[in-house]
Amino acid sequence: DGGITQSPKYLFRKEGQNVTLSCEQNLNHDAMYWYRQDPGQGLRLIYYSQIVNDFQKGDIAEGYSVSREKKESFPLTVTSAQKNPTAFYLCASSTRALTDTQYFGPGTRLTVL
Amino acid sequence: SQKIEQNSEALNIQEGKTATLTCNYTNYSPAYLQWYRQDPGRGPVFLLLIRENEKEKRKERLKVTFDTTLKQSLFHITASQPADSATYLCALGNYGQNFVFGPGTRLSVLP
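These protein sequences, in sequence, are chains A and B.
When you line the first sequence up against the numbering used here, it's residues 1 to 113, in that order.
When you line the second sequence up against the numbering used here, it's residues 1001 to 1111, in that order.
Don't read these hints as lab results, they were simulated from the structure.
Treat the numbers as computed from the prediction; the structure is a model and nothing was measured.
Incorrect hints may have been included.
To be verified - Straight-line C-alpha distance at most 20 Å; calculated EDC-like pairs for lysine to aspartate or glutamate: (1) A:Lys-70 x A:Asp-59; (2) B:Lys-1003 x A:Glu-24; (3) B:Lys-1055 x B:Asp-1039; (4) B:Lys-1059 x A:Asp-100; (5) B:Lys-1063 x B:Asp-1084; (6) B:Lys-1071 x B:Glu-1005; (7) A:Lys-9 x A:Asp-30; (8) B:Lys-1003 x A:Asp-54; (9) B:Lys-1003 x B:Asp-1067; (10) A:Lys-83 x A:Asp-59; (11) A:Lys-57 x A:Asp-38; (12) A:Lys-70 x A:Asp-38; (13) A:Lys-83 x A:Glu-62; (14) A:Lys-9 x B:Asp-1039; (15) B:Lys-1057 x A:Glu-24.
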């Protein structure tokens, strides 16, 4: 899992509640990413950030929000607007955005009841 | 739209044999292709990267080929071991564009 930590490992929330997933890296990487993984599907990009105070929408950004106030941290908020939030969420980082190997965290499994 | 297919969802082979996983893509012109290993409940781990101008890459028991004409990559694990059992993901990349990941192939190496 390299130098990327995600917490918590498992998260349960009631429908209609916002929830924030944590991602921290100590690899001194400029770029960070959030993916969602569902059974039988490839990883899908939610948001990515190339540098502090900057982030871009990925393929499935609706119902999610992010911030990048520190180089080390890239938290993801799953809002109540996300229609099907139950999934495995993966955070990753790379030296530069969209060109380098990505290093992934251990993931957070979110279950919305 | 871009599409990546990875042979079957699951592949079972006998220990000691060579496992061959395929990654086929359409509507995409990748500059490079990566293979990752993912164990259950964990994040993917990078294994190999091969660029469009490279035909083959090796790392220990792993070998990757990349045929841009066929739009296909093959991933081989020689002398496979039960510890190689995992899901293997291919990912296509192009400079300045998002990675596109395949759905993965779950490999089981039987003792």
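A quick look at each hint next to the structure:
With a C-alpha separation of about 24 Å, the suggested pairing of Lys-70 of chain A with Asp-59 of chain A is violated against the 20 Å cut-off. Using a Cα cut-off of 20 Å, the hinted pair Lys-1003 of chain B and Glu-24 of chain A is violated, with the two alpha carbons roughly 31 Å apart. Of the supplied pair hints, the one linking Lys-1055 of chain B and Asp-1039 of chain B is violated, its CA atoms being roughly 28 Å apart against a limit of 20 Å. Taking the CA atoms of Lys-1059 of chain B and Asp-100 of chain A, the gap is about 18 Å. The hint holds against a cut of 20 Å.
Between Lys-1063 of chain B and Asp-1084 of chain B, the direct Cα distance comes to roughly 14 Å. Compliance with the 20 Å bound is thereby established for this hinted pair. Distance hint between Lys-1071 of chain B and Glu-1005 of chain B is fulfilled; the C-alpha atoms sit about 11 Å from each other, no more than 20 Å. The straight-line distance between the Cα atoms of Lys-9 of chain A and Asp-30 of chain A is roughly 24 Å, outside the 20 Å bound, and the hint therefore fails. A distance of roughly 29 Å separates the Cα atoms of Lys-1003 of chain B and Asp-54 of chain A; the hinted pair therefore is violated under the 20 Å criterion.
Between Lys-1003 of chain B and Asp-1067 of chain B, the direct Cα distance comes to roughly 16 Å. Compliance with the 20 Å bound is thereby established for this hinted pair. A threshold of 20 Å between alpha carbons decides the hint, and for Lys-83 of chain A with Asp-59 of chain A the separation of about 15 Å falls inside it, so the pair holds. Among the hinted pairs, Lys-57 of chain A with Asp-38 of chain A is consistent with the structure: their alpha-carbon atoms are about 19 Å apart, no more than 20 Å. A distance of roughly 29 Å separates the Cα atoms of Lys-70 of chain A and Asp-38 of chain A; the hinted pair therefore is violated under the 20 Å criterion.
Straight-line distance between C-alpha atoms of Lys-83 of chain A and Glu-62 of chain A comes to about 9 Å, which keeps the hinted pair within the 20 Å bound. A C-alpha spacing of about 15 Å is found between Lys-9 of chain A and Asp-1039 of chain B, which places the hinted pair at or below 20 Å, so the restraint holds. The suggested pairing of Lys-1057 of chain B with Glu-24 of chain A is violated, with an alpha-carbon distance near 32 Å, which exceeds 20 Å.
In summary, the numbered hints that this structure violates are 1, 2, 3, 7, 8, 12 and 15.
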